[in-house]
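Those protein sequences? They're chains G and B, same order as listed. Position in the first sequence counted from 1, then plus 32, gives you our numbering. Position in the second sequence counted from 1, then plus 53, gives you our numbering.
Honestly, the hints are just simulated from the structure, not real lab data. Don't take each hint at face value.
From the derived model, a few chain B residues whose C-beta atoms are all more than 10 Å from chain G [to be verified]: (1) PRO133; (2) ILE155; (3) LYS167; (4) SER173; (5) LEU180; (6) LEU196; (7) TYR202; (8) VAL212; (9) PHE213.
Label pairs and their calculated CB-CB ranges [to be verified]: (10) GLU109(B) with ILE244(G): 24 to 30 Å; (11) THR517(G) with SER183(B): 29 to 35 Å; (12) LEU68(G) with TRP117(B): 46 to 52 Å; (13) THR84(B) with GLY492(G): 39 to 45 Å; (14) GLY492(G) with LYS120(B): 58 to 64 Å; (15) LYS103(B) with ILE164(G): 39 to 45 Å; (16) ILE56(B) with LEU453(G): 24 to 30 Å; (17) LEU358(G) with PRO133(B): 54 to 60 Å; (18) TYR137(B) with SER96(G): 31 to 37 Å; (19) ILE244(G) with THR84(B): 24 to 30 Å; (20) PHE545(G) with TRP89(B): 39 to 45 Å.
Bear in mind the structure is a predicted one, so any value in this text is a computation, not a measurement. Positions of the beta carbon are idealized from the N, C-alpha and C atoms, including for glycine.
As a plain string of letters, each chain reads:
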Amino acid sequence: MNLFAILRLFLALIIITITGLPFTLILLPLKLKQGLLFTGTISFVIGVGNISLVIMLMSLLEFSFSLKTILFSQTIICLIGFLILIYKKRYSKLPEKMLKNNKFFKKKKLRLKILNYKNYFKAFNKQKIFKIIEITLIILILFQVLASIFIALIFPVRFWDAITCWSFKAKAFFLDKAIYDFYSKHSYEFSHPSYPLLLPFLQTYLYLSMGILNENLVKIIFPIFYISLLIAIYSFLRLKYLKIVSLFFTFVLSTVPIICDHAYIEYTNLPFAFYLFLSVMFMALWMKYNENRLIILSAIFTSQLPLLRSEGIIFSAFILIMFIFLLLKSKEYDKKSFLSKEDIKINHYHKHHKYKKCNEKANLLLLTLVIFLIFITPWLIIKFKLDLKIISIDWIGFQNSITFFKENFMNSIIGLLNEFLFSKYDSTNSFFKSSYSIYWIIIIFTFVIFPEKVFVKENGVILSIIIFSSIIYLMGSSLVPDFLTSIERYLLHIFPISFLLAVSILSEKLQPFMKRLNKSKCL
Amino acid sequence: MLIKLKTFLIPFFLILIIISSFNQLKNEVSTIIFLWKSNSEQIRKGNFDKTYAGFENFDYFLWWCDKKIPNSKNVAILYPRETYYIYPRTSYVLYPRDVITIKTERRNLDEIYKEITDSSVEYLIILKPSDNLKKMEVIFKNLKLVGSYKEKAGFIYEVFN
Chain G
33 MNLFAILRLF LALIIITITG LPFTLILLPL KLKQGLLFTG TISFVIGVGN ISLVIMLMSL
93 LEFSFSLKTI LFSQTIICLI GFLILIYKKR YSKLPEKMLK NNKFFKKKKL RLKILNYKNY
153 FKAFNKQKIF KIIEITLIIL ILFQVLASIF IALIFPVRFW DAITCWSFKA KAFFLDKAIY
213 DFYSKHSYEF SHPSYPLLLP FLQTYLYLSM GILNENLVKI IFPIFYISLL IAIYSFLRLK
273 YLKIVSLFFT FVLSTVPIIC DHAYIEYTNL PFAFYLFLSV MFMALWMKYN ENRLIILSAI
333 FTSQLPLLRS EGIIFSAFIL IMFIFLLLKS KEYDKKSFLS KEDIKINHYH KHHKYKKCNE
393 KANLLLLTLV IFLIFITPWL IIKFKLDLKI ISIDWIGFQN SITFFKENFM NSIIGLLNEF
453 LFSKYDSTNS FFKSSYSIYW IIIIFTFVIF PEKVFVKENG VILSIIIFSS IIYLMGSSLV
513 PDFLTSIERY LLHIFPISFL LAVSILSEKL QPFMKRLNKS KCL
Chain B
54 MLIKLKTFLI PFFLILIIIS SFNQLKNEVS TIIFLWKSNS EQIRKGNFDK TYAGFENFDY
114 FLWWCDKKIP NSKNVAILYP RETYYIYPRT SYVLYPRDVI TIKTERRNLD EIYKEITDSS
174 VEYLIILKPS DNLKKMEVIF KNLKLVGSYK EKAGFIYEVF N
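Produce the entire structure from the sequences given, and follow the hints as far as they go.
The following block contains the structure:
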């Protein structure tokens, strides 16, 4: 293995994270920002969006792909981000005190608490069982992460859809130094030319960074998305629950067979699930705490969905409509405990000085639409320039729709139930059979036996997405029966949010018990 | 009754979750051991790109083609009927060459030859020649055998105009 290529790949990943960092620092509320791993994760995901945007713009301007041009553009985006950050801090007269009080900036706190073993040894006598369990869970999660990296890197790109739909394009873009040759000089219909290009662009960037076509190393992005999902789940659970409870359910998610499979099989389903998860979670938090920065974050992740998978445009449209509906319904600011004092100060300042006379709702809607347009418009123009079809060739089977629909609707429902109960379908033929194990059954049972906890206003956004995507995939597989054979991959998109909702309820029940145990003298 | 059921179900779910998680851990350990054993030689040598060679090691043939056919030349691959796997894999490995397919089943040699000349390809790949494709270079003077991967399979021809 080429050590120089590994080093360059590592640097490329750091650069992605750095380009997303200023936007994360601007948009993430302090309470979430204090988690260094979570800040890094969000920066990485935003950085991926930046990379794809830069390569799309280069394609539109018909620039030849080169690492120098990409890095130059990334530097500009990064500088713009940091300038906005500095401007915002100055403008809002961000008090010195804030920096001093903010744990994130305290050197002492920068150390990862997870790895701070001193604490564990100090507390060993006091709460030793809890600490041992926490360390064990961390070790098990680390094992999962290392296992996913090992299985990903040991093979070059090998899975069918991965090659035809995504990695083939990345290889072509890297060799041609442009996207047009692949579409104009060849007619590879099997490669689904109309499919979106975020993942191929990310792979192209990594190939360009490494300077060689190393299929093994480029696959590192899939374990990274897996790790990012685990960090995000942990961070959202940690907002409300004990560390031990959050770690336990993070470990559980890391062992769901289909998630483990998608950590190395080079498909877009796991990244799509992760982006959808972030988009929905930030929107849910925005709805709960009425903090504008959260909906901007949600808009950034929502606008990446159409760039990841074709159905992303439907999801984005639905989320946008839901946002407009919620925005029109929302009341004036009612800050709750989620935001730190510093966050409230900044917003208070903005509210009373800058936006006093402005219609904040209209501004927010406009800003959200601008974010959507920034990311989606270049892709739509590229599609138009390349004369790509709106829908992929998969939909050719979509004829005599009503007849198809009537005939297949029942089959789809039965297929969906079979997937929930027995993980019937495995379209990838990967090592762990793309199984959901018993998790859908537990999730559905939790929803049924705790309806008073699930069907509440604050879960409205999450439930809407779960119901919407179930309907979309049910209808899709009724119209094009072939879709049913891949239903396990489509259900993966809503699995993380469904999982989080279910385990939040279980955690709520578990937490008091754990607290009692924690205080108990027998420990 | 419902409260009792709920009280019972939560620990039950947790036990199921723990069993399922550890079962997956066990599967992963055995998978990793299996992968390590079956690929240890390639891993030790650092040949990670050789740990997978396509369905039934088809890539070994394609890597051989990749060496034999110049980058800028277009290629046609002849095979009896549409296959789900061969064409995309060939196109992927041989990129940036443009790869097209020519079906040979239920067609006579003249029809096949006409399609070859019409498509302006410069190289031909014939995986396993059936009766009518044997010794093509003898029948058509503008085909020259570049090499064969095996004695009776995997032929590359150069096409002269």
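Going through the hints against the structure:
1. PRO133: 18 Å, holds
2. ILE155: 14 Å, holds
3. LYS167: Check passes; 20 Å lies beyond 10 Å.
4. SER173: 13 Å, holds
5. LEU180: 18 Å, holds
6. LEU196: 24 Å, holds
7. TYR202: Holds, since 21 Å exceeds 10 Å.
8. VAL212: Check passes; 19 Å lies beyond 10 Å.
9. PHE213: Check passes; 23 Å lies beyond 10 Å.
10. GLU109(B) with ILE244(G): 24 to 30 Å: 27 Å, holds
11. THR517(G) with SER183(B): 29 to 35 Å: 32 Å, holds
12. LEU68(G) with TRP117(B): 46 to 52 Å: Between LEU68(G) and TRP117(B), where Cβ atoms are some 49 Å apart, the hint holds.
13. THR84(B) with GLY492(G): 39 to 45 Å: 40 Å Cβ-Cβ, so the 39 to 45 Å window holds.
14. GLY492(G) with LYS120(B): 58 to 64 Å: For LYS120(B) against GLY492(G), whose Cβ atoms are near 60 Å apart, the range 58 to 64 Å holds.
15. LYS103(B) with ILE164(G): 39 to 45 Å: Taking Cβ atoms as reference, LYS103(B) and ILE164(G) lie about 43 Å apart, which means the hint holds.
16. ILE56(B) with LEU453(G): 24 to 30 Å: 27 Å, holds
17. LEU358(G) with PRO133(B): 54 to 60 Å: Distance hint for LEU358(G), PRO133(B) holds at roughly 58 Å.
18. TYR137(B) with SER96(G): 31 to 37 Å: With Cβ atoms ~35 Å apart, the hint holds.
19. ILE244(G) with THR84(B): 24 to 30 Å: At 29 Å between Cβs, range holds.
20. PHE545(G) with TRP89(B): 39 to 45 Å: Since PHE545(G) and TRP89(B) have Cβ atoms about 41 Å apart, the given range 39 to 45 Å holds.
When held up to the earlier numbered hints, the structure conflicts with none and fits them all.
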